[in-house]
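Colleague: Here are the chains, one letter per residue:
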Amino acid sequence: EAQVTQNPRYLITVTGKKLTVTCSQNMNHEYMSWYRQDPGLGLRQIYYSMNVEVTDKGDVPEGYKVSRKEKRNFPLILESPSPNQTSLYFCASSFGGQGNNEQFFGPGTRLTVL
Amino acid sequence: AQSVTQLDSQVPVFEEAPVELRCNYSSSVSVYLFWYVQYPNQGLQLLLKYLSGSTLVKGINGFEAEFNKSQTSFHLRKPSVHISDTAEYFCAVRRIGGYSTLTFGKGTMLLVSP
Numbered sequence: 001e002a003q004v005t006q007n008p009r010y011l012i013t014v015t016g017k018k019l020t021v022t023c024s025q026n027m028n029h030e031y032m033s034w035y036r037q038d039p040g041l042g043l044r045q046i047y048y049s050m051n052v053e054v055t056d057k058g059d060v061p062e063g064y065k066v067s068r069k070e071k072r073n074f075p076l077i078l079e080s081p082s083p084n085q086t087s088l089y090f091c092a093s094s095f096g097g098q099g100n101n102e103q104f105f106g107p108g109t110r111l112t113v114l
Numbered sequence: 115a116q117s118v119t120q121l122d123s124q125v126p127v128f129e130e131a132p133v134e135l136r137c138n139y140s141s142s143v144s145v146y147l148f149w150y151v152q153y154p155n156q157g158l159q160l161l162l163k164y165l166s167g168s169t170l171v172k173g174i175n176g177f178e179a180e181f182n183k184s185q186t187s188f189h190l191r192k193p194s195v196h197i198s199d200t201a202e203y204f205c206a207v208r209r210i211g212g213y214s215t216l217t218f219g220k221g222t223m224l225l226v227s228p
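Chains as they are written, first to last, in this note's numbering: chain A, 1 to 114; chain B, 115 to 228.
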């Protein structure tokens with residue numbers, strides 16, 4: 001089944017403890033992206049990747065890192081999480097970065113930083 | 115740069131009533147338009163998209179949307195809603211040409227009651 005998977009689905013952590021949220025897709029997509037969803041703000045893009053080893057900042061990149069060493073994986077790294085990073089995170093992928101490509105979304109990761 | 119405005123944060127309706135969820139966008143260049151649905155505790159799923167051609171676009175689950183270029187709108191409609199349509203709906207745009215990011219509105223919560 002074609003899908004985007006994220007792990008973990010739920011995570012509670014404390015301020016300053018490094019964490020990684022994994023994202024993997026099995027559709028051979030070139031383009032991958034991370035969003036955060038906050039009430040009343042919709043989805044905002046954190047980082048995106050056009051292809052392996054090519055990443056760029058989205059609208060809200062502060063406090064996050066990403067890497068794209070393999071085509072299928074695009075982990076999101078929080079080196080020193082803070083409470084304002086408590087949010088619902090979505091990974092997405094599409095065949096290409098052009099506008100007409102449908103983005104497929106993962107199930108989401110709910111992160112709480114205490 | 116582009117932006118998306120969803121005029122209603124919540125729309126309560128009774129089952130079998132018609133509904134319209136409003137979306138207006140602003141962009142200095144031509145864009146593709148999308149509607150996504152998010153059911154409770156799930157990721158986003160594409161409802162429909164406008165890329166070109168007929169301005170009336172039909173999507174899944176009986177939804178349709180009409181692109182109005184002069185009014186820069188892309189309102190979503192359904193003639194008769196079901197309880198199962200209760201979800202959050204997001205309008206999004208993506209620039210035509212080249213690589214571009216997906217810009218979301220803040221979402222409209224559709225609440226269908228019996």
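Any given hint could be a false lead.
[Said to hold, decoys possible] Label pairs and their in silico Cβ distance ranges:
1) A:Glu1 / B:Gly212: 28 to 36 angstroms
2) A:Lys69 / B:Pro126: 44 to 52 angstroms
3) B:Lys183 / A:Lys57: 42 to 50 angstroms
4) A:Thr22 / B:Ser184: 39 to 47 angstroms
5) B:Gln156 / A:Val14: 24 to 32 angstroms
6) B:Glu130 / A:Lys18: 24 to 32 angstroms
7) A:Glu53 / B:Ser194: 24 to 32 angstroms
8) A:Lys18 / B:Ala115: 45 to 53 angstroms
9) A:Leu114 / B:Tyr213: 35 to 43 angstroms
10) A:Glu53 / B:Gln185: 40 to 48 angstroms
11) A:Asn100 / B:Phe128: 13 to 21 angstroms
12) B:Ser168 / A:Asp38: 42 to 50 angstroms
13) A:Phe95 / B:Tyr153: 34 to 42 angstroms
Simulated from the structure, these hints should not be mistaken for laboratory data.
Quantities reported herein were computed from a predicted structural model and do not represent experimental measurements.
Ideal Cβ placement from N, Cα and C applies to all residues, glycine included.
Colleague: Does 45 to 53 angstroms hold as the CB distance between A:Lys18 and B:Ala115, or does it fail?
Modeller: 33 angstroms Cβ-Cβ, so the 45 to 53 angstroms window is violated.
Colleague: Given a hinted range of 42 to 50 angstroms, is it respected by the beta-carbon distance of B:Lys183 and A:Lys57?
Modeller: violated, 31 angstroms
Colleague: Look at the Cβ atoms of B:Glu130 and A:Lys18 and judge whether their distance stays inside 24 to 32 angstroms.
Modeller: Because 51 angstroms falls outside the window, the suggested range is violated.
Colleague: Look at the Cβ atoms of A:Lys69 and B:Pro126 and judge whether their distance stays inside 44 to 52 angstroms.
Modeller: About 47 angstroms separates the Cβ atoms of A:Lys69 and B:Pro126, which means 44 to 52 angstroms holds.
Colleague: Do A:Glu1 and B:Gly212 keep their Cβ atoms within the hinted range of 28 to 36 angstroms?
Modeller: holds, 31 angstroms
Colleague: Falls inside 34 to 42 angstroms, the C-beta gap from A:Phe95 to B:Tyr153?
Modeller: Once the Cβ atoms are compared, 24 angstroms apart, the range 34 to 42 angstroms for B:Tyr153 and A:Phe95 is violated.
Colleague: Are A:Glu53 and B:Ser194 spaced within 24 to 32 angstroms by their CB atoms?
Modeller: violated, 50 angstroms
Colleague: A range of 35 to 43 angstroms was offered for this pair. Does it hold for the Cβ distance of A:Leu114 and B:Tyr213?
Modeller: With Cβ atoms ~37 angstroms apart, the hint holds.
Colleague: Verify the CB-CB distance for A:Asn100 and B:Phe128 against the hinted window 13 to 21 angstroms.
Modeller: Between A:Asn100 and B:Phe128, where Cβ atoms are some 37 angstroms apart, the hint is violated.
Colleague: Take the C-beta atom of B:Ser168 and the C-beta atom of A:Asp38, compute their distance, and say whether it sits inside 42 to 50 angstroms.
Modeller: violated, 35 angstroms
Colleague: Do the beta carbons of A:Glu53 and B:Gln185 sit within 40 to 48 angstroms of each other?
Modeller: holds, 43 angstroms
Colleague: Starting from the range 24 to 32 angstroms, see whether the pair B:Gln156 and A:Val14 falls in it by beta-carbon distance.
Modeller: Check passed, 28 angstroms falls within 24 to 32 angstroms.
Checked against the numbered hints above, the structure violates hints 3, 6, 7, 8, 11, 12 and 13; every other hint is satisfied.
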